[in-house]
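Residue numbers (UniProt numbering), protein chains in the order written: chain H, 1 to 108; chain F, 1 to 108.
Simulated from the structure, these hints should not be mistaken for laboratory data. Be aware that a few hints might be false.
One copy or two, either will do: identical chains are not told apart, so a pair holds if it fits within one copy or between any two.
[Said to hold, decoys possible] Straight-line distance between alpha carbons at most 25 Å, and here's what the computed SDA-like set of lysine to any residue pairs gives:
#	residue 1	residue 2
1	Lys84	Tyr54
2	Lys74	Ser28
3	Lys84	Ser21
4	Lys74	Pro36
5	Lys84	Ser108
6	Lys74	Arg31
Owing to the predicted nature of the structure, the values given are computational and were not obtained by experimental measurement.
Protein chains: 2
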Amino acid sequence: MNSNLSIACCPPLLEGRLTSSDASYLASIFRVLGEPARLQILSLIAAQPSQEVYACELVETLGISQPTVSHHLKVLYEAGLVTKERRGTSIFYRILPERLAMLREALS
Amino acid sequence: MNSNLSIACCPPLLEGRLTSSDASYLASIFRVLGEPARLQILSLIAAQPSQEVYACELVETLGISQPTVSHHLKVLYEAGLVTKERRGTSIFYRILPERLAMLREALS
Numbered sequence: 001m002n003s004n005l006s007i008a009c010c011p012p013l014l015e016g017r018l019t020s021s022d023a024s025y026l027a028s029i030f031r032v033l034g035e036p037a038r039l040q041i042l043s044l045i046a047a048q049p050s051q052e053v054y055a056c057e058l059v060e061t062l063g064i065s066q067p068t069v070s071h072h073l074k075v076l077y078e079a080g081l082v083t084k085e086r087r088g089t090s091i092f093y094r095i096l097p098e099r100l101a102m103l104r105e106a107l108s
Numbered sequence: 001m002n003s004n005l006s007i008a009c010c011p012p013l014l015e016g017r018l019t020s021s022d023a024s025y026l027a028s029i030f031r032v033l034g035e036p037a038r039l040q041i042l043s044l045i046a047a048q049p050s051q052e053v054y055a056c057e058l059v060e061t062l063g064i065s066q067p068t069v070s071h072h073l074k075v076l077y078e079a080g081l082v083t084k085e086r087r088g089t090s091i092f093y094r095i096l097p098e099r100l101a102m103l104r105e106a107l108s
């Protein structure tokens, strides 16, 4: 998975029987969200007026070590939940709202 | 957690910084959904004309062992994602749509 993959996923959970592969894919995204620090990272990004953060800001704000923050950002990126953009020596992360919309749709 | 607890949970993920306890609670529900068989169980329940199943139907349809199905149903019940009702010797399970609505709200 990465953020370049198609956003389209699965039929809504309540509107028909999920195939095994749809269920595996969807479950893999939910597992990414099943970690409190990742949810806090997403909500922190969304709370920024600029709608973006760079990793060091998260280290300071969440009080989590830099390697742990980097790991969570990598997982969020690979799941297509955030995008990243290098500017100078910093990498800025933004939420990919389409992926959250896909999950909302899947839960309907 | 169980289905008798309040459905209200957390502010939307993208509308403010999640508290640590909200993030932990929400992550615990996403972890429950992070298992393909549980998603298939939910979609199978929703696909029934009666909107309910009893455990033996799931064993037959999903081809998962009875102890595994029982375990997943227990986890779904404790997360408040399904309700259960004993009738005679069978226990019938139904989806609690309010909990899915809460998750959709949290992802907005």
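Okay, the hints, checked on the actual structure:
Proximity of Lys84 to Tyr54 under the C-alpha cut-off of 25 Å is restricted to the intra-copy arrangement: shortest distance 9 Å within a copy versus 46 Å between copies. For a Cα distance limit of 25 Å, the shortest separation of Lys74 from Ser28 qualifies both inside one copy, at 14 Å, and across copies, at 21 Å. Taking CA atoms no more than 25 Å apart as the test, Lys84 paired with Ser21 passes in neither setting, with 28 Å inside one copy and 28 Å between copies. With identical chains, the CA atoms of Lys74 and Pro36 are at most 25 Å apart both within one copy (15 Å) and between copies (22 Å).
With identical chains, the CA atoms of Lys84 and Ser108 are at most 25 Å apart between copies only, with a shortest distance of 21 Å across copies and 29 Å within one. Proximity of Lys74 and Arg31 under a CA criterion of 25 Å is satisfied in both settings, with 14 Å inside one chain copy and 19 Å between copies.
Taken one by one, the earlier hints fail for this structure only at number 3.
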